[in-house]
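*Asks:* As you go down the protein sequences, you meet chains A and B in turn.
Each residue of the first sequence is one higher than the one before, starting from -12 at the first, in the numbering used here.
Each residue of the second sequence is one higher than the one before, starting from 2 at the first, in the numbering used here.
FYI, nobody ran anything at the bench for these hints, they're computed from the structure.
Hints may be right or wrong, so weigh each one.
What the hints assert, rightly or not - In silico SDA-like pairs for lysine to any residue, Cα to Cα no more than 20 angstroms straight-line:
1. B/Lys219 / A/Val148
2. B/Lys285 / A/Glu223
3. A/Lys12 / A/Ile170
No experiment lies behind these values; they were computed from the predicted model shown.
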Amino acid sequence: MIKTALDTGQLRVRDAVVVEETPLKISDIDRNAVEEAVKLKGQDKAYGVTVLKWGPLQKKIQEAENVLREALAMGLDEAYLVADEKLLNASHLATAKAIAAVVKKVGADLVLAGEATVDNYTGQIPARVAAELGWPVITYARELKVEGGRVVARRDLEDHVEVVEAPLPAVVSVTREINQPRIPTLLAIRAAMKKPINRLTLADLGIGVETKISAAYKPLVIQRKKVVIKDGTPEEKAEKLIQHLRQEGVI
Amino acid sequence: MKTLVVFPNKELLYAASTLGGEVAALVFSQKEAEAVSGKAHKILVAEVDPRLPDAAAEAVAKAAAGYDLVLMPSTKNAKTVGGLAAQKLGVELLVDVLSMRAEGGVLTAERYVFGNKAVAAVQVPLPAVATVAPGRFQGEPPAVQSAVEKLALAPTSRLKIAAVEEKSRGAVRLEEAEIIVSVGRGFKKKEDLQMAFELAKVLGGQVGCSRPIAADLKWLPEEHWVGLSGKKVKPKLYLAVGISGQPQHIAGILDSRIIAAINNDPSAPIFQNADYGVVEDLYKIVPILINKISKLKGG
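Bound-form chain A, shown alone (with noise of 0.2 angstroms):
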């Protein structure tokens, strides 16, 4: 599972937020997906999956295939983009439907996601891919093996780390701690250009989608006194901070 996800460091928050112009990659975390599903393969094929949920939908269809020509040169075999108008600003129900309908497609037998993606960071599709097909879900997971068809993972959670196991059928989330993402080779990203991208649609899928979520952004703007000390000794300097900072009541 890749999310092509909005480059919030590319977002442009000055008066309104502009999400039709912001241009998408690939969600950092998903990164470490896809090097764990390109070492964990072995002879099996490795698929990569997105469903492209910001418009304009033809606009950003062209963006989405090039996020995944890069998951492709980091080593997977397939990729498959869904793209419909119905799923742009979807509800996370219906993202996750259409998913699970092509991980069944595929046949495959384990499912990697990062553990949330940059732009929503909500971090709720893989729990919900697993409900929607019905397997065990491991999330957080910083260490992943595979063996005997059960999934061995350690699961990082806020105060203590979990050693959990699950048969195959699973999903898995993973964190940045798993891994290092594969840099491609150019010889690599040549040969991506040749590996399939299907484009799908729901109708394809055999999946209908109801409610939309209505989201109004607008920038997050905390006005900060952005005074800066720079002139004088950092005897002087310190004494100014220091000074400033008691003004403030913090120290």
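Following the hints, position chain B against chain A.
*Replies:* For chain B alone, kept in the frame of chain A given last:
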């Protein structure tokens, strides 16, 4: 309005009470049931291991029947349980909710999005599931009569927890710290961090760090890591020392009252996100600060 609180705590029960109507709590042991007695109209007890998300989600999905909203904390395990339960119930899940109101069958909630660069006001139809960001709902849940009920279910889980390892957790509780001195790549070697610990000590604060210090260099354990994928903090003073101020780091310190920064690079992005910035070599100014502040505190 009927709200079901899962993994109940004071904040969640208070948040539920602000929506009006009936508040129920789903707990996973008798002991937890006693802890919420008098704080929810109904207490449902499901005897399942809540560490197993699939079993817990089964209990949530069953208990949620007839409720408009299921509220949970924004912990990693609760979010997993929430995702599973929401898909089973065919409803939406909003995570890390900052504020919310329910009106005319619609839940409107605010949450940070896009690397905390924007706030989204999201509307989803009820019933729905939401996880609440910590520290946003401060108040006492009203005292009520509680009826306790056992939730009959035979939980099944395909997960097996083979071992649990406690994370080494010193006295570090960054989420609760009032003053944080945070360190970044401006420090040249691990031993130099001692300066930051001294500064934190004289200020009565704790030490945080940026991602490279915890994740790449591993100079400090991850419990010190502040940022979007680390701890989100809300101290009254956040003093960033030798931190450049990448967006992912800024995203973790938004709720700080005052941000001060020390960096020798005047173009470091941290200065755009700070109330007070000092352009100076940290190796020169930190010892001076330690000295001055300890004198200040001493008399």
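*Asks:* Evaluate each hint against the coordinates.
*Replies:* Each hint tested on the structure:
Proximity of B/Lys219 to A/Val148 is assessed by CA-CA distance (about 18 angstroms); at most 20 angstroms being required, the pair is judged to hold. Restraint check for B/Lys285 and A/Glu223: the C-alpha separation of about 12 angstroms stays at or below 20 angstroms, so the hint holds. The suggested pairing of A/Lys12 with A/Ile170 holds, with an alpha-carbon distance near 15 angstroms, which does not exceed 20 angstroms.
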